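K.L.:
Listed below, chain by chain, are the residues.
Protein chains: 2
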Amino acid sequence: MRVSFEELKAEIKRVFVKNGMPEDKADICAQIHTESTYDGIYSHGVNRVTRFVDYLQKGWVDPNAEPVVEKDCGAIQVINGNLGPGITNALFAADHAMAMADKYGIGMAALKNTTHWMRGGTYGKYVAQKGYAAIMWTNTEACMPPWGAKETRLGNNPYVMACPGQTEDSICLMDMAMSQYAYGKLQVTRLAGKKLPFPGGFDKDGNVTDDPGAIEESMRIMPMGYWKGSAFAFMLDILGSILSDGVGAVDLNAATKGSCGGCSQIMIVIDPSRTMEADKMRETIRRAAEYIKSAEPDERGGSIHAPGEGSERFHAEHDKLGIFVDDNVWAEIKAL
Amino acid sequence: MRVSFEELKAEIKRVFVKNGMPEDKADICAQIHTESTYDGIYSHGVNRVTRFVDYLQKGWVDPNAEPVVEKDCGAIQVINGNLGPGITNALFAADHAMAMADKYGIGMAALKNTTHWMRGGTYGKYVAQKGYAAIMWTNTEACMPPWGAKETRLGNNPYVMACPGQTEDSICLMDMAMSQYAYGKLQVTRLAGKKLPFPGGFDKDGNVTDDPGAIEESMRIMPMGYWKGSAFAFMLDILGSILSDGVGAVDLNAATKGSCGGCSQIMIVIDPSRTMEADKMRETIRRAAEYIKSAEPDERGGSIHAPGEGSERFHAEHDKLGIFVDDNVWAEIKAL
Chain L
1 MRVSFEELKA
11 EIKRVFVKNG
21 MPEDKADICA
31 QIHTESTYDG
41 IYSHGVNRVT
51 RFVDYLQKGW
61 VDPNAEPVVE
71 KDCGAIQVIN
81 GNLGPGITNA
91 LFAADHAMAM
101 ADKYGIGMAA
111 LKNTTHWMRG
121 GTYGKYVAQK
131 GYAAIMWTNT
141 EACMPPWGAK
151 ETRLGNNPYV
161 MACPGQTEDS
171 ICLMDMAMSQ
181 YAYGKLQVTR
191 LAGKKLPFPG
201 GFDKDGNVTD
211 DPGAIEESMR
221 IMPMGYWKGS
231 AFAFMLDILG
241 SILSDGVGAV
251 DLNAATKGSC
261 GGCSQIMIVI
271 DPSRTMEADK
281 MRETIRRAAE
291 YIKSAEPDER
301 GGSIHAPGEG
311 SERFHAEHDK
321 LGIFVDDNVW
331 AEIKAL
Chain E
1 MRVSFEELKA
11 EIKRVFVKNG
21 MPEDKADICA
31 QIHTESTYDG
41 IYSHGVNRVT
51 RFVDYLQKGW
61 VDPNAEPVVE
71 KDCGAIQVIN
81 GNLGPGITNA
91 LFAADHAMAM
101 ADKYGIGMAA
111 LKNTTHWMRG
121 GTYGKYVAQK
131 GYAAIMWTNT
141 EACMPPWGAK
151 ETRLGNNPYV
161 MACPGQTEDS
171 ICLMDMAMSQ
181 YAYGKLQVTR
191 LAGKKLPFPG
201 GFDKDGNVTD
211 DPGAIEESMR
221 IMPMGYWKGS
231 AFAFMLDILG
241 SILSDGVGAV
251 DLNAATKGSC
261 GGCSQIMIVI
271 DPSRTMEADK
281 MRETIRRAAE
291 YIKSAEPDER
301 GGSIHAPGEG
311 SERFHAEHDK
321 LGIFVDDNVW
331 AEIKAL
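Respectively, the protein sequence lines represent chains L and E.
Here our numbering is used: position 38 in the first sequence is 38, and no number is missing along the way.
Here our numbering is used: position 187 in the second sequence is 187, and no number is missing along the way.
These are computed hints drawn from the structure, not numbers from a lab.
Please note: incorrect hints may appear among the correct ones.
Claimed, not checked - Listing some non-contacts, in silico: residues in chain E with all C-beta distances to chain L over 12 Å:
no., residue
1, Leu191
2, Arg220
3, Asp237
4, Met276
5, Gly322
To be verified - Residues from chain L shown here face chain E by an in silico Cβ test under 8 Å; the list is partial:
no., residue
6, Leu91
7, Asp210
8, Leu243
9, Tyr291
Being a predicted model, the structure only gives us computed values, none of them experimental.
Glycine included, every Cβ here is placed at the ideal spot set by N, Cα and C.
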């Protein structure tokens, strides 16, 4: 079905308030879930609401907890998220990181003991639209085998880079999980009776496969770039723990507070106006984007995008027809 | 053939001094090239000496140029490398980034108009051994097609993350190019008459291939993780330019000063003792490494490593037998 932005947000907010979240926090969280849906990122938007409510009901997310700055040393702050809502905790950290960047040029907000931030790109976009550049990531519980192993021991640790865009509005961002495909993508592909476009893991006998069902069964999802994504995921895990005085995959798995319950998020935010004049910056980004797009498309008729441009087609569709929501998902939320 | 560390370093230093490099700089550069060789990274060690000398002779690297801090704003410095030797410029930037981290907890040294830093991991290791954590990268000229394109428009932009290790000595680091394989790996594999372990690019007709010669011919090397490495490489290119007031692939290609001539390098260095107590940090890293190694190895008898552990086998061999140097490479250097 199709709903308006306001209708979707109001329904999500209603459900969050009903499950114990204060009005102001529920408003912010509902706004972010709705924005992700509008951008076409259903997995961390409307399709995630039911699971988040389940976490509230289990006590894995404390809707009333507030983040607290535990260490404040110059351009670094360690913030304890106290297992509060991941979205409001992450926005708090992003605001603090920007304030440090205003003062020192660069600042790092290191959030520990927090919960799932939903779409990582939300926070990259948030600071980039205010004129900042950012490197951010979260660590997660283990969901992927290290390279050379059968058993899951690494998180997919989504990683974000962002900066202001070519125009006032546009921005560049990423929300890059360390696994080649998300489990959600495996499921969607399997249900459609299709194969993955490229091999995405190993079957239970250790054969490389593009069959999504075989990977769901083995849980042997492949790191992006094979050994490269494996090493990168490990570094994001340990730097996530160390820089926030928090924990990594080994303890997140033991805690069993759901996906990302107790995780750490690092936000390094930089004021690029200290290094490059604004017009020159936009021109540099414009020329870089123009340059990649000047390449001849491949035989598959590939279209060449700058990061973050993918949501434009969803905006056009959603503006015209309303935001698409799966009927079953909508019925589930209505019933909560 | 086999040579001692001192013999190799002395020969490389002789060649650098003969080609106009001051004694002190030549000593440092020779040391770094020799260390990379000792670690088994030949491509950026002894095997790179001839090309570096060629760049000196062409004037693409100015052996007498000194780096200059152009902007100094709190925890950020923009440094002009003045096309001096990439190694000494990068060490200068790393020293400045550590000094900023001492003062503010985090610091960013952004080096522009510099030259090839050889192995990026050198600088990660350099700061990690002194107790710092780091995120670093370089941008490069275009050598890889963006996802969906035939023509090279993206650099491979090697990316480094580092932190102190489990013991006093050991460290964690990466030197991750955005292409799945380096051109050097394609050449070595082709000369050995072998196929790549996983597909590494497209042939001239656009078919995915594991034939190294077909990729060398088409120049359609694949980004790691397909669309993911393509987007990541783009972000590293533009953030590299913006944060250093420097240039990216489009201008590096136009400058034609060889590989990385005029490139930018970003070094974000953090003092983790501000965020986590030293013993707890080492224990956190030890447990994370132990956790990944506790996974059952795969059917190929995969061995599971923490990043940076790969050089241990080279150290054992080189300590016992001397450092291996290809006979032809040694003859070339001797003749310079």
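K.L.:
Is the hint on tyrosine 291 of chain L kept, meaning its closest Cβ partner in chain E is under 8 Å away?
P.N.:
Since the shortest Cβ distance to chain E is 4 Å, the answer is holds.
K.L.:
May I ask you to test the interface hint for aspartate 210 of chain L with respect to chain E, counting a Cβ-Cβ separation under 8 Å as satisfied?
P.N.:
violated (12 Å)
K.L.:
Does glycine 322 of chain E clear chain L by more than 12 Å, comparing its Cβ with all Cβ atoms of that chain?
P.N.:
holds (29 Å)
K.L.:
Over 12 Å from every CB of chain L: does aspartate 237 of chain E meet that, or does the non-interface label fail?
P.N.:
Non-interface label fails for aspartate 237 of chain E: nearest chain L Cβ at 6 Å, not farther than 12 Å.
K.L.:
Is it correct that the beta-carbon of leucine 191 of chain E has no partner in chain L closer than or equal to 12 Å?
P.N.:
It holds; leucine 191 of chain E is separated from chain L by about 22 Å at its closest Cβ, greater than 12 Å.
K.L.:
Measuring from the C-beta of leucine 91 of chain L to each C-beta in chain E, is the shortest one below 8 Å?
P.N.:
violated (21 Å)
K.L.:
Under 8 Å is the threshold here; is the Cβ of leucine 243 of chain L close enough to any Cβ of chain E for the hint to stand?
P.N.:
With Cβ-Cβ at 5 Å, under 8 Å, it holds.
K.L.:
Taking the minimum C-beta separation from arginine 220 of chain E to chain L, is that value above 12 Å?
P.N.:
At about 8 Å from chain L, arginine 220 of chain E fails to clear the 12 Å cut-off, so the statement is violated.
K.L.:
Taking C-beta pairs only, is methionine 276 of chain E more than 12 Å away from all of chain L?
P.N.:
violated (5 Å)
Checked against the numbered hints given earlier, the structure breaks hints 2, 3, 4, 6 and 7 and satisfies all the rest.
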